[in-house]
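Visitor: If you're matching positions, the sequence shown starts at 586 in my numbering and goes up one per residue.
Incorrect hints may have been included.
Each pair of labels, with its calculated beta carbon distance range [as the list claims (entries may be wrong)]:
no., residue 1, residue 2, range
1, 761, 662, 20 to 30 Å
2, 606, 666, 25 to 35 Å
3, 735, 594, 25 to 35 Å
Keep in mind the hints are simulated off the structure, nothing from the lab. Remember, it's a predicted structure, so these values are computed and weren't measured experimentally. C-beta: ideal position from N, C-alpha, C; glycine also.
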Amino acid sequence: MDPRNTVVRLCTEGMTAEAAGRGDEAHALFRRAWEAASDDYESCVAAHYLARHQSTPEDTLRWNRACLELADRVGDARVRPFYPSLHGALGRVLLELGERAEARAQFEAGAARLDDLPAGPYADWLRLRIADGLRATDPRPADGPDPLRPLLDRLCARADLASLALLLPPYLANLHRPRDEERLTTVLRMLHAERRLPEPDLTALADVIAARQPAAPA
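Kindly generate the complete structure, drawing on both the sequences and the hints.
Guide: Have a look at this one:
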């Protein structure tokens, strides 16, 4: 986005005010950005930030939907990176309103657009948020306790930061696509191959890895 653009500049100032805890000032700046917008692209940018400063989830939903409609009308490369965030924001407010099925559809749409984001901390954060939304709206009954959680709990209790730094990113950001599942399995194998964990943890790792293998054909 062009920082010289009036709408972008006002939204940037609004974000600065928001970060400093000046919510009313931020809302006023985002409203000014909305009123200054001269086309669908600028309106889309302003609507995204206005959605963050609504007093009810119903109003938040309305502004997020307006933002998505505006992005669809623009329909070019400028808005392509917006979609993961737009769908994620819609999913969160729909979940807050109890619309689980519609929320899940939005989280799935956001997951499908994550590759439109450049790699970096923002993409990593948004991926975590969408993965969390997918877990919260999973309609399938759980097969039982998560077999990896007891091991993670023990690693946390021992403050084994090296192991946690390896395991948590693919675990928490798992979108359950084949490549995500393979990434998590690979990390589990790497940690097991180090052989530095206590024997009960190595056994638990081996069990989790074995359970993740596809069943052999009959």
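Visitor: Does the beta carbon distance between residue 735 and residue 594 stay inside 25 to 35 Å, or does it fall outside?
Guide: Because 51 Å falls outside the window, the suggested range is violated.
Visitor: Could you tell me whether the CB distance from residue 606 to residue 666 stays inside 25 to 35 Å?
Guide: Check passed, 28 Å falls within 25 to 35 Å.
Visitor: Take the C-beta atom of residue 761 and the C-beta atom of residue 662, compute their distance, and say whether it sits inside 20 to 30 Å.
Guide: holds (29 Å)
Violated hint for the displayed structure: number 3, the only one.
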